[in-house]
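Undergrad: Work out the full structure, taking the sequences as your base and the hints as a guide.
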Amino acid sequence: MPAAITTHSLTKRYGDLTALDSFDLEVAQGSIFGLLGPNGAGKTTLIRVLTTLMRQTSGEAFVDGLDTRSSGREIRRLIGVVPQENSLDRYLTARENLELHARLHGMEPRQYRKRIDELLELMGLASRQKDFPDTYSGGMQRRLVVTRALLHEPRVLFLDEPTTGLDPQSRRAVWDYIKSIGGSMTIFLTTHYLEEAEQLCDRIAIMDHGKLIALGSTQELKDRLAGGTFYLIEFGGDAERYGAVLRDMACVRGIEVHGNSVCVGLESWECLSEVITALNGAPVRRIALREQTLEDVFLSLTGEKVRE
Amino acid sequence: MFKGAFAIWRRDMLVLRRSILSEMVAVVAYPLTIYLAFGIGMKGYIGLVDGVPYSLFIAPGLITMTAINAAYSESTWSLWFHRKVQFTIESYRVTPISVSEIVIAKILSGFSHGLVKGLAVGLVIFAITPFRFSPVHLLAYLAFLIPGSALFSCAGVICGTVLDKPETIGRVEAIFIMPLIFMSGLFFPLSSYPANVVPWIRALPTTALFEGARHALVSGVFSMNSALQVAFTAVLAFGLSVWIFRLKTSE
Numbered sequence: 001m002p003a004a005i006t007t008h009s010l011t012k013r014y015g016d017l018t019a020l021d022s023f024d025l026e027v028a029q030g031s032i033f034g035l036l037g038p039n040g041a042g043k044t045t046l047i048r049v050l051t052t053l054m055r056q057t058s059g060e061a062f063v064d065g066l067d068t069r070s071s072g073r074e075i076r077r078l079i080g081v082v083p084q085e086n087s088l089d090r091y092l093t094a095r096e097n098l099e100l101h102a103r104l105h106g107m108e109p110r111q112y113r114k115r116i117d118e119l120l121e122l123m124g125l126a127s128r129q130k131d132f133p134d135t136y137s138g139g140m141q142r143r144l145v146v147t148r149a150l151l152h153e154p155r156v157l158f159l160d161e162p163t164t165g166l167d168p169q170s171r172r173a174v175w176d177y178i179k180s181i182g183g184s185m186t187i188f189l190t191t192h193y194l195e196e197a198e199q200l201c202d203r204i205a206i207m208d209h210g211k212l213i214a215l216g217s218t219q220e221l222k223d224r225l226a227g228g229t230f231y232l233i234e235f236g237g238d239a240e241r242y243g244a245v246l247r248d249m250a251c252v253r254g255i256e257v258h259g260n261s262v263c264v265g266l267e268s269w270e271c272l273s274e275v276i277t278a279l280n281g282a283p284v285r286r287i288a289l290r291e292q293t294l295e296d297v298f299l300s301l302t303g304e305k306v307r308e
Numbered sequence: 001m002f003k004g005a006f007a008i009w010r011r012d013m014l015v016l017r018r019s020i021l022s023e024m025v026a027v028v029a030y031p032l033t034i035y036l037a038f039g040i041g042m043k044g045y046i047g048l049v050d051g052v053p054y055s056l057f058i059a060p061g062l063i064t065m066t067a068i069n070a071a072y073s074e075s076t077w078s079l080w081f082h083r084k085v086q087f088t089i090e091s092y093r094v095t096p097i098s099v100s101e102i103v104i105a106k107i108l109s110g111f112s113h114g115l116v117k118g119l120a121v122g123l124v125i126f127a128i129t130p131f132r133f134s135p136v137h138l139l140a141y142l143a144f145l146i147p148g149s150a151l152f153s154c155a156g157v158i159c160g161t162v163l164d165k166p167e168t169i170g171r172v173e174a175i176f177i178m179p180l181i182f183m184s185g186l187f188f189p190l191s192s193y194p195a196n197v198v199p200w201i202r203a204l205p206t207t208a209l210f211e212g213a214r215h216a217l218v219s220g221v222f223s224m225n226s227a228l229q230v231a232f233t234a235v236l237a238f239g240l241s242v243w244i245f246r247l248k249t250s251e
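Protein chains in written order, with my numbering: chain X, 1 to 308; chain D, 1 to 251.
The set of hints was computed from the structure by calculation and includes no laboratory data. Do not rely on the hints blindly, as some may be mistaken.
The calculated label-pair distances, taken between Cβ atoms and stated as ranges, are [said to hold, decoys possible]:
{"no.": "1", "chain 1": "X", "residue 1": "Ser9", "chain 2": "D", "residue 2": "Phe232", "range": "31 to 39 Å"}
{"no.": "2", "chain 1": "X", "residue 1": "Asp117", "chain 2": "D", "residue 2": "Pro179", "range": "52 to 60 Å"}
{"no.": "3", "chain 1": "D", "residue 1": "Arg18", "chain 2": "X", "residue 2": "Lys179", "range": "47 to 55 Å"}
{"no.": "4", "chain 1": "X", "residue 1": "Thr135", "chain 2": "D", "residue 2": "Leu21", "range": "16 to 24 Å"}
{"no.": "5", "chain 1": "X", "residue 1": "Asp117", "chain 2": "D", "residue 2": "Arg18", "range": "33 to 41 Å"}
{"no.": "6", "chain 1": "D", "residue 1": "Ala29", "chain 2": "X", "residue 2": "Gly138", "range": "44 to 52 Å"}
{"no.": "7", "chain 1": "X", "residue 1": "Lys114", "chain 2": "D", "residue 2": "Ala29", "range": "52 to 60 Å"}
{"no.": "8", "chain 1": "X", "residue 1": "Asp117", "chain 2": "D", "residue 2": "Ala29", "range": "37 to 45 Å"}
{"no.": "9", "chain 1": "X", "residue 1": "Lys114", "chain 2": "D", "residue 2": "Leu138", "range": "43 to 51 Å"}
{"no.": "10", "chain 1": "D", "residue 1": "Lys3", "chain 2": "X", "residue 2": "Arg13", "range": "50 to 58 Å"}
Here the structure is a predicted model, which means the values were calculated and not measured. A virtual CB, placed ideally from N, CA and C, is assigned to each residue, including glycine.
TA: Next up, the structure:
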């Protein structure tokens, strides 16, 4: 499948600060791609370069095969952008906001009126289309921004933290909509909510300090971290002793002892029978599979220190 | 090419139309107070100025001042608000319009505000005072009012682009814009200045604007030099505002 977004050695510097450091990326057409990273990792800078709001210092970036340095206008015709801030015009009604966006995209009235009606209906905003965005709830405002980004039927949709600040119901509604349009266009999403990336994205990239540090599907990333599977084994006592027994086994990748429990990382689930054999006669009370989360992967790659 | 600029200008005019009544009250009140205080209150103390009654002397300047103030304020605050508060400039910039179109739209909007509000003040002064002029003079006057409003609209775009804090915008208005207007012979003739200062004051585009506009409206005398000076400065300011906006947005 041809790439919707490609970057080669993409670098952006602000004085001494390198926000993007030789960043290489390829996003397949029609996929939902998630970009994760702590604050200041370079996510927004990457989106700003890809949406032609900012010029890179060096390297190349292509959207739908078009160079961001020389084909800005053509790229902007193809993309929809949901920025971090709502950026709605509070002096225009919801419908007027959409009409202005359509005119900026050069759409004809007969073309955009129908499309606005359809989208407002779809997003559940039709009955409030004559109201000003200030009177909307946070979830409705976000839905209106998403509607605006979809109005001109973009080929690539950039969503920069689309559900930040939304309540769980509104977040679910946005997720459902993103899932429903997945496949019809390429979706490039940045988020702080790892559950969001896990729910929505086909592939996920994790970046930090302007560099790509991991790339793959959710499962691939989890597998890479764990090197297999984690089990929590609870003993009646003497957990330290049984932990030492397990530590010497070839298929065990890691051991952590907490009180009466041992968290054991195995190369694969097939090793579990060997572990059970080795623990023959031990006072095992409970064995539970401990699923690795994307958060575990994220924290292991980017560290637990709070970023400014 | 100007479809985007027209769309943004249309948006600004829609917003103006919605708030026109409340805006007009505020816009008319200030110059009218000045006119009543100086033009009527002081006329017993001040005789003829440059051969015309004082109330007649200041009337064209007040209309011009309203227009350029409105053009400047609209461009500055609108651009600042859309850039720093509403982030709408960002939403315009991810559509297939050029940065120049955004600047042109904002200049046009400031200019339109200036023209509408200047004419409104003119009508009120015309209605409630004995100030009269020939309709033919109006054409010559517009030759000053239009580039003058455009010039201050461009100045507003530059300030709204460069200044990030609202209090700085207020300071610029107090330190540069108002002195430029008041020093240019709005309330007194240039002959009041010491002789060696007059050439410097005459070099100001605002002097060409206020002097030229007054002569055009009151006596129908059209100064081509003054009109060209205002028009040339407006073109220069337009180029500068586009360049500065492009530079700022590329940061």
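Undergrad: Can you list which hints this structure breaks, lowest number first?
TA: 1, 3, 5, 6, 7 and 10
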